[in-house]
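**Student:** What follows is the residue order along each chain.
Protein chains: 2
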Amino acid sequence: MKNFISNNPTKLLFGKGVVSKLGSFSKRLGSKAVIIIGKGSVKHNGILDAVKEQLKSVGTEYVLFEGIKSNPIYQDVDACVSIAREFQADQIVAIGGGSVIDSAKAVAVGFFHDGSVWDICSGGIRAKEALPILCVLTLAATGTEMNMFSVIQNDETGQKLGWGSDLVYPKVSFLDPEFTYSVPKNYTSYGISDLIAHTFEQYFEPTKAPLSDYMATDIVRLAFEYGRKAVDNPTDYESRANILWLSTAALNGSLSAGKTGGDWGVHGFEHSLSVLYDIPHGAGLSIIYPAWMKVYFSEIESKLDLMAKRTLGENSNAKDFIVAYEYFSKTINSPTRLSEVGILKADEDKIVENLKMNKVSGMFFEQNEEKYREMLSLMW
Amino acid sequence: MKNFISNNPTKLLFGKGVVSKLGSFSKRLGSKAVIIIGKGSVKHNGILDAVKEQLKSVGTEYVLFEGIKSNPIYQDVDACVSIAREFQADQIVAIGGGSVIDSAKAVAVGFFHDGSVWDICSGGIRAKEALPILCVLTLAATGTEMNMFSVIQNDETGQKLGWGSDLVYPKVSFLDPEFTYSVPKNYTSYGISDLIAHTFEQYFEPTKAPLSDYMATDIVRLAFEYGRKAVDNPTDYESRANILWLSTAALNGSLSAGKTGGDWGVHGFEHSLSVLYDIPHGAGLSIIYPAWMKVYFSEIESKLDLMAKRTLGENSNAKDFIVAYEYFSKTINSPTRLSEVGILKADEDKIVENLKMNKVSGMFFEQNEEKYREMLSLMW
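Protein chains in written order, with our numbering: chain P, 7 to 386; chain X, 7 to 386.
If we strip away everything but chain P, and leave its shape as in the complex, we get:
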């Protein structure tokens, strides 16, 4: 086990009706909230109204910023910062999935920064202060509701970059599984693919950390079990609740205890696909990971073998796991080949150029042009 720090200041309220506590937390933070939402589905399913009701009940005024894209761009963040400043907001209420919450984190630090938030997201400038954030999660996927990370895109430079600051842990996150009932099947699946990929990124780090490794296999096993059920029966509470908690647990620090923090090379690879083709992040991940496992097979065989034994049964082996994982993705209709998301072999050079420009590599499993092409050859 490596030295590590276990610390997560987010308070997470999980279960039916938890949003009824939002007002009291808002009141402790101040009286002026900027509400951030995505394309507007929360306006139609009652979630936005429920939050507004909470804010009104404690006298918190609010202004609404809508239109965050599923691959969120820094320009929307900058626009929201202007509105938040003009409104003199003292808190952010993010309602949505990963893209909305990641944008809220960028708004939180952008609020105190002169200039574009891209200065911070691209790593040039370190955030020194942040507005507090309340999150109402509506999509099980990224885990951003209980961590310090955010991913923001810059279409002009062709970059999609992860950044983090311990200032942007949400103060309180409200996770009601019923709020995910209306997520369409495809985005439910991409969210499941995302949480599985987060687990893999940490699991395959070669450092031996037995409890973290066992827990990673538990998450994958339960994601297979409840993932199928949630896709098949979107209003089954137990399935939605399990997937929701798994997505948080996969990236709230639990899986990195005793480790350095994970590889994240597949995520880097996927960010290039998202920035070039605007495909859903989880869809990209379920395409890349099987190829990555095959290319790095000899280095990760023992880890794949343990994963197989603990998710499929004691008689299964490393190769069985890759087959089962691809099969699982197919059953939930998360893609496993680039053609399924409309990316054609003729684009190989264009993809490789973006990967090179972004210097995509893992922390433990080095990638380079040869590896990029080897992986891509398995994705057609």
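Read the hints as simulated data drawn from the structure, not as lab findings. Careful, some of the hints might be misleading.
If chains are identical, the list can't say which one is meant, so a pair holds when it fits in one copy or spans any two.
[To be verified] In silico lysine-lysine, DSS-like type, Cα no more than 25 Å apart, as pairs:
no.: 1; residue 1: K265; residue 2: K214
no.: 2; residue 1: K265; residue 2: K27
no.: 3; residue 1: K27; residue 2: K134
no.: 4; residue 1: K235; residue 2: K315
no.: 5; residue 1: K265; residue 2: K235
no.: 6; residue 1: K351; residue 2: K336
Assemble the complex: chain P is given as a structure, and chain X must be docked to it using the hints.
**Tutor:** Just chain X now, kept in the frame of chain P:
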């Protein structure tokens, strides 16, 4: 899954040499520390000196309170409160195992209470303020280094009571596995029995919470594996590190996600033994739990069966697990019968009287005089 809150404000620094960061955290809290220790072993193994060095390096003055007993009593806490007040302490540095840290938590709230701390520990008065606590853990066992709980004893009334307050989460806990090298074999074993029992208390709650339940089986499996190794080879870093992290993870909230909080009936039973006979808590637990499992077998069979399959192998069943658990306790010399700790059958009525006086019962598995006697009949 039940509604739950996931929140743990303690910052935990884990690994070799982490105490070298203590000074910087002390400085943020103020400049006057009361150091609390137990019977003095940390004076001889260099740990106390290392902490003093850290405090001196940042100009924190300190006063030492020593002599906390392994079953800590409220009188020592009250005495320490007087010293802390006279010294005008602004922080507590607890160096030791569960008894020292539990006492530190009581000092932290007693500091702001007029009257004996027993008023708070016995539940009559709610704590409103607390001194901040830094913990240097020297024994893997109770998990108190990353939770809001404490257990304090009153010999006059024959009570040993658990209490909690979210004011007493340690601010920062320093866990260096090498600091546990000098723990004698028997206390190493009792600590392992304790962490396993904490896992059981939460695991056997009948509420279905799949990730928490799987994780509980992981902790027990790894405690069996690394527990034997740590007892056999006290200076093996990986074994000590694993046991140390398992003991924290077993009671820092992770296993209660999706649950109500656990049964805790066996702990209640053990507190009566500790208060009557001053036996080590973990030793009492490894005696009582097998008896409890046999008495409540029909209600917990499916949970025992899952535990068996995930710790022993797919062909094992509920009864196999009880046998394996008792066998494990024997291999690490943690007792499984009352005679091993010098408690004789002639004392049955005396024990039952204390259990009745303390109204010992579980949250989910009800105990009464008949059950007490049935369990005791299996402990001789």
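**Student:** Which constraints among the numbered hints does this structure fail? Numbers only, ascending.
**Tutor:** none
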